[in-house]
Amino acid sequence: MQSTHTTSTGEPLLDIRDLHIDIGSSHGTIVAVDGVDLSVGEGEVVGLVGESGCGKSLTAQSVMGLLTPPIRLTRGSVRFRGDDLVPSSRLGANRYRGRDISMVFQEPLSALNPVFPVGDQIADVLRRHTALGKRAIKERILDLFNHVGIAGPQRVAAAYPHELSGGMRQRVLIAMALACRPSLVIADEPTTALDATVQAQIIDLMKRLVEEDKIALLLISHDFGIISEICDRVYVMYAGKVIEHAAARDLFRRPRHPYTSALLGCVPALKDDDSPLQTIEGTVPVMTKPPVGCGFAGRCEYVEDRCVRQLPPQLTFEPGHVALCIRARELNLPTVLEQDEVVA
Amino acid sequence: MTLRYLLERIAWALLVLLGSSVLIFLIMHVIPGDPAQAMLGPEGTPEAVETLRRQLGLDQPLWWQYYHWTSRALMGDLGQSILLSQSVLSLLIERLPVTLALSFYALALAVLIALPASMISATRPASVADHAGRFAALFGLAMPNFWLGLVLVLIFSVGLGWFPVFGYVPLFEDPARHFSHLVIPVVSLGAGYAAMILETSRNSLIEVLRQDYVRTARAGGLSERKVLWKYALRNALIPTITVIGIQVGYLMSGAVIIENVFAIPGMGRLLVNAVLSRDYPVVQGAMLVIVLIFSFANLIVDLLCMSIDPRVARRT
Amino acid sequence: MAAAAVLLAFVVIGVAAPLFAPRDPAFQDLRQILMPPSADFWFGSDEYGRDLTSRLIFGARNSLIVGISVVVLSGLIGSIFGILAGYVGGWIDTVIMRLADVMMAFPYLVLALGLIAALGAGLTSTIIALTIAFAPIYVRIVRSRVIVVRNEAYIDASVLIGLTPAQISLRHILPNVTGAVVVQGALTFAFAVLSEASLSFVGLGVPPPASSFGNIIASGRDYIVDAPWITTASGMAIVIIVLSLLILADGLRDAVDPYH
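Chains as they are written, first to last, in the working numbering: chain A, 1 to 344; chain B, 1 to 316; chain C, 1 to 260.
Honestly, I wouldn't trust all of these hints.
No farther apart than 27 Å at their CA atoms in a straight line, the calculated lysine-lysine pairs in the BS3-like style are these [as the list claims (entries may be wrong)]:
#1 B:Lys-230 with A:Lys-207
#2 A:Lys-214 with A:Lys-138
#3 A:Lys-207 with A:Lys-134
#4 B:Lys-230 with A:Lys-134
#5 A:Lys-214 with B:Lys-226
#6 B:Lys-230 with A:Lys-214
Quick caveat, the hints were computed from the structure, so don't treat them as lab data.
None of these values were measured; they are calculated from a predicted model.
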């Protein structure tokens, strides 16, 4: 499941193996992430898709070392350039955070401190990780703002979050993420809280940044439309596991897991006909006790007896395309895109 | 924009002050009981009472009396004390600094203890330190301040001889004795107030530390210390400072009693004695000044909040 | 919950004071002045030879009377004005709120002192003064709740059905408001007890020879070195009662508003 983009040492930039994350609660321990393998290579754009509650955000936050009790990383390794981040996953101890790996969050308004001008908040990050002087920091901030397409950067830097529009705030957050020239940016639902037009602008911005700055991007979303526009490879998560993983092209052309196929059927933009939108019956299970068999069995159209009785195996199709379904080879799942319609 | 907010707040404070003066006046003059009769006591003959009434202007219509009182008050004449042969104004001027000193020290002490304690509590919720702090605070709130004062006197003045039992020495006369006389009163006065600040600050900090922007700051790699002191504290201070201001009323209520316990010649002592001896001009004047101080304190708090939180001025 | 138990004990003792008190609290036995606690005098005796235990029990009763009266009266008056202000709105709302603002511009004891200056000292005056001092906060709390509820859709529906404002108040508004009022009630009780003690201490509350925790502490003050039990016992009594009330208020707040 490794990416083809590797660092000079031949390893992927980010390599997550067998990640397990638990949440302690008064109802018992919830298994939020149940054995996830994920990797991102240098300069690659990787998408992580799934419904709310499938564990994708937690996976991302574990990379940043932002998990706070009662959320615990119980097993697995998170390697960045070969360095395992797990031992230093406590707050404050992860030395890549903010500098080599940075994160862009979902809600731009609440993600910025309302009592400080936005420029100050970026300056703090720069002060922390670089030895730049006051003037150099100011210049860098203006540079960053120009780079992310903020007009009137000086005015914006002195403004407070509530004085800026949603799209502008998200650009500020992106600028903050880029401030220390990271190799990897994790974007957790960066466009969900924005209007449709602004969404498109932000996606374009991210595309441009990936091309220009050669940054690796881990893009988390529940929106396949966005994923299809920008990602090289895609992981699909369900109930704490990666149930399918492939190059974007392959995934959209020929999904191998019923859940992926169902998800794709839910996206209006990807459908080229007027067939009704699919919905997926049921809801994501709450994982206080991981099921014996396949987690999706309860909602799967193609479920059989054996699905429920045993854990589904990982089946490989063309190189780099893996699905976690016992019936994957037999199924001929509906596709939504013709080969030439896929965005490369 | 901020100037306009400032002016609005001042205008509002003045209005409230006006309303308070009306209320004070009404309390003293409308509620049953003839002041003149009360002042002269049972020995007062009807003629003496009548004379006194005319002297005090009590035979005039109410609004006239109110106007008379306020117009002269604005010029600095608050009448004469019935008990002590002094003008009310001079009495207040004498006593005001004392009460201000006492209250200010208590406020400072309370803030200096409660804020750091709340930070420890908030960063270590449900720990031993947290529970201990909160319980101590609860206790401080439940103890009558005069009783705490007496207990402290028993232990520290009578028992250990560290501090004098009562009395007051002005700051400029002898700073050392000024402070040693005030230690126990200030502690007794500040205990309950500190408890309130601790609770508010702790809850506010805990709430703030859960916010998204704290997460963003951590994601940027900022150290926990910086996150706490710069990012969390400033935001958490907003409701805390508001409570500090509102509860100045609690503080001043306490000061009134504490001054009596320790024979400190402040406004509180003056007020209580005036009530006991039915010295109405003094009661009116003292109440007015106390309301003035309280309003002023709240105004300062509002301005502080405005300077910290850029959204405040915008809301008006 | 322990707090509730303590409070219950307090209430029972206060109400049935004569049953509990071993002696008449006013009875002076000058041969037994300032006796330390003993089997005979559980908490000792005071400077007039009065049994401190009995005085404490009757003091508890007075605190109870003041506390309950003040809470009920101020809560009732404040709530009525609050509902009026919130529900009717308009200039009535403005007038009531300005009045409440002015009243809250006074430190509560200072306002009470002013009222007592006019009314004279004593138990009744204390109750009236404290009621007036504590009422405005109920006005504010109730009004804000009422405004929130009033804007809910089902109120409009009720009006359309033809319910009178009184019926609407009773059926819909009251349940939403009671929670906050009850929590504040416990707090008011606590502060009423403390305030009454303070007022009695300076001689403006319950006058001797009737007993109040406050005036017991006041009289015990002169003998604090020789007979510290007087001051200690009465103070501890206040602390225990108020502490229970504060803990109760905390518990009530969690019950009413779990997201607090």
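Where does the structure disagree with the numbered hints, that is, which hint numbers, in rising order?
-> 1, 3, 5 and 6
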